[in-house]
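Asks: Whenever a hint applies, use it, and build me the whole structure from the sequences.
Protein chains in written order, with my numbering: chain A, 4 to 371; chain B, 32 to 323.
The set of hints was computed from the structure by calculation and includes no laboratory data.
This structure is a prediction, so every number in the text was calculated from the model and none was measured.
Here a beta-carbon is modelled for each residue, glycine too, at the ideal position from N, C-alpha and C.
Careful, some of the hints might be misleading.
[Stated by the list, open to error] Not everything, but these chain A residues come out facing chain B in the computed CB check (under 8 Å): (1) Pro-152; (2) Arg-155; (3) Tyr-160; (4) Ala-164; (5) Ser-167; (6) Gln-174; (7) Ala-247; (8) Val-301; (9) Gly-334; (10) Phe-337; (11) Gly-338; (12) Phe-346; (13) Leu-347.
[Claimed, not checked] Pairwise CB distance ranges (calculated): (14) B/Pro-204 <-> A/Ala-246: 19 to 29 Å; (15) A/Leu-366 <-> B/Cys-104: 47 to 57 Å; (16) A/Ala-246 <-> B/Val-308: 20 to 30 Å; (17) B/Ile-122 <-> A/Leu-151: 18 to 28 Å; (18) A/Ile-204 <-> B/Gln-83: 55 to 65 Å; (19) A/Arg-155 <-> B/Ser-150: 40 to 50 Å.
[As the list claims (entries may be wrong)] If the Cβ cut is set under 10 Å, some of the chain A residues that face chain B in the computed set are: (20) Ala-153; (21) Ala-162; (22) Leu-163; (23) Leu-168; (24) Ile-290; (25) Asn-294; (26) Ile-342; (27) Tyr-357; (28) Leu-358.
Residue strings, one per chain:
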Amino acid sequence: MSTVQESVTQTSSLGTVRETVPQVPATAGGRDLSPVATAAIARQQQKTAQTIARVASLVALALMLMAPMFVRHFVVFQFTQIIIYGIAIMSLNILTGASGQFSLGHSAFFAVGAYTTAILMEHGGMNYILTLPFAGCVCFVFGFLFGLPALRLSGVYLALATFSLAIAMPQFLKLGTFEHFTGGVQGLVVTKPDAPFGLKIDQDVWLYYVTLAVALIMYVLSVNLLNSRTGRAMMAIRDNQIAASSMGVNLALYKTLSFGISAGMTGVAGGLAAIVVAFVAPDGYSITFANALFLGMVIGGVGWLPGSLAGAAFIVLIPNVAESISKGLAGAVFGVFIIAVIFLFPNGARQAAYLAANWIRKLVGSTR
Amino acid sequence: MELLTNQVLAGIATGAIYACMALAVVMIYEAIDHLNFAQGEMAMFSTFIAWQLLEWGVPYWGAFFGSVAISFCGGVAIERTLFRPLATASILVQIAGFIALFSIINSSAGLIWDFSIKSFPSPFGSAPFLGSQLISDHQAGMFFITLILLGLLYFFFRFTRIGLAMRAAATLPDSARLVGINVGWMIALGWGLAAAIGAVAGILIAPVVFLEPNMMAGVLLYGFVGAVLGGLSSPAGAVAGGFMVGILENLAGTYIPVVGNELKLPIALAMIVTVLVFRPTGLFGRPQVQRV
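Replies: This is the structure in structure tokens:
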């Protein structure tokens, strides 16, 4: 029993929210094995899986670090965007994958983060890096407060409440009363920062590395969060509310907390987006954007943090691919892509990654 | 006082649109237990079919019923090809499917009929209704058709065998299967009905909001809100909810100073969230009892 638990925690340390970890078969080669032998095999398999995942993430990280040297500037900008959306999708993943609530309104938190950064930079003259924690905190408070009424809602009703938040946000930002700060319909232009210490690299490349660093910090924090007491409480709520509350988990606290944390992370992503795009405007944060984030989460695999990046790549790149296939039918082609993905991989990139890992394990095993 | 009555009347007029849409939303919710985010686009497509039939010289009511029939078949076909394979998938995946459907229908309609705004005729004319400045004949007609539709649906679900079977399939699929109801087809039928009601809603709304591929964006949202406000489990509640949303929206625009008109939509939504906080299953919905 202890090995099963051990293997589960080990997987989760790689960013998977504990969920349907495939059970290791108790027989090998058709013979029943003693528990000890089974455990040994299980541990062996788990180890290979872990090594594969480690190697894969290191390779991915190395590729991401070197990417700007080999590609054109516009592509670097796109990569930055993918990573930013990846952070936002990861935060959605924490909310949905871990605590089981879901939100169609994360574009609103993204917008609040973006505007906080933009206003602090343009009106407060603050350093761009320093604005990010502020964006995170403001959104955390906002998300926490929004989480309070959301406590009583679940399922479609919660979806509708968050949906209306997403619809209402652009209208709030356009409001004449705050126009001095927000720039109203026109939005706000943000000065793009140069690389510090007189480094001779392009602004976009510099911001790419800044974004990558922030994303890594966010990722490590999220993994740790999910492995902590708080993370376990959230997952208990997701799996069975009544059981969780009878075990002494404070439902109200952890539900609002997960809303707050998720909103705060999205806020940081929003702040980064404001710096990188150098512009914020109300219509950039419409319900379409909220939908895109949601889609990114489903396609990346709900509850699998690394999948967020795959989901983000999908929502940034596939619309371009669709447009290059057919200009008039770009939306339809995009829709067909989505359907193809959810038919082939209902669990998103996560499922594809499992298949790939299994395949590599077999390959490694056969050469041994 | 007169301002109030006038605003309420105007609210009822716009509310009729939302009520139609809310009814379609509830229908599909009853059948498949999810909100269909592509419902508005399906209704828009049906309206375009009706418009095309009219262009080809089909008389109004011919085009009306023709489009409703085609939409019914279309709804069944979408369920059979797209959502049947996803029946066991998680709700999140199904919502992604709805978003995909939304984007496909919207973009195809744009390609076939382009994005220019088209006017759509009304069978009732647009003369003021009984001399009132606020409600036109068309809006009054829309109001009555919504009520007739509601009556028909009530009759269908309450007094016909197939209506009973559909209700059974929606509430307790497993037990329904045991007594010999073909649950899969009942769900397909639910899609068909929802598409047909959506077609009626679209055709009635088109003379007011004009016909174009994005005509339903706002309407669908209000339809959802109306449906949730009234309670997703109650068709009559959804219609009442739709009217309430129309009235609330108008009153908020008139009576809340300064920001009232700019924030009409957010204020209406805020009110609805407030209602939900106190009555989590809507005003007329059945509370869900969960077994531990």
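Asks: For each hint, tell me whether it holds in the structure or not.
Replies: Consistency of the hints with the structure:
1. Pro-152: Because about 5 Å separates A/Pro-152 from the closest Cβ in chain B, which is inside the 8 Å limit, the hint holds.
2. Arg-155: Status holds, d = 5 Å.
3. Tyr-160: holds, 6 Å
4. Ala-164: Holds, because the Cβ-Cβ distance from A/Ala-164 to chain B comes to roughly 5 Å (cut-off 8 Å).
5. Ser-167: holds, 4 Å
6. Gln-174: Holds. Min distance 5 Å.
7. Ala-247: This hint is violated: A/Ala-247 lies away from chain B, its Cβ roughly 12 Å from the closest one there, beyond 8 Å.
8. Val-301: Given a least distance of 4 Å, the restraint on A/Val-301 holds.
9. Gly-334: A/Gly-334 check passes; min Cβ-Cβ to chain B is 3 Å, inside 8 Å.
10. Phe-337: holds, 5 Å
11. Gly-338: holds, 4 Å
12. Phe-346: holds, 6 Å
13. Leu-347: Hint on A/Leu-347: violated, closest Cβ of chain B at ~11 Å, above 8 Å.
14. B/Pro-204 <-> A/Ala-246: 19 to 29 Å: holds, 25 Å
15. A/Leu-366 <-> B/Cys-104: 47 to 57 Å: Hint holds: Cβ distance 49 Å, inside 47 to 57 Å.
16. A/Ala-246 <-> B/Val-308: 20 to 30 Å: The hinted range 20 to 30 Å holds for A/Ala-246 and B/Val-308, with Cβ atoms some 25 Å apart.
17. B/Ile-122 <-> A/Leu-151: 18 to 28 Å: holds, 24 Å
18. A/Ile-204 <-> B/Gln-83: 55 to 65 Å: holds, 57 Å
19. A/Arg-155 <-> B/Ser-150: 40 to 50 Å: holds, 44 Å
20. Ala-153: A/Ala-153 check passes; min Cβ-Cβ to chain B is 9 Å, inside 10 Å.
21. Ala-162: With Cβ-Cβ at 7 Å, under 10 Å, it holds.
22. Leu-163: holds, 5 Å
23. Leu-168: holds, 8 Å
24. Ile-290: holds, 8 Å
25. Asn-294: holds, 6 Å
26. Ile-342: OK, holds: A/Ile-342 within 10 Å of chain B, min 5 Å.
27. Tyr-357: violated, 16 Å
28. Leu-358: violated, 17 Å
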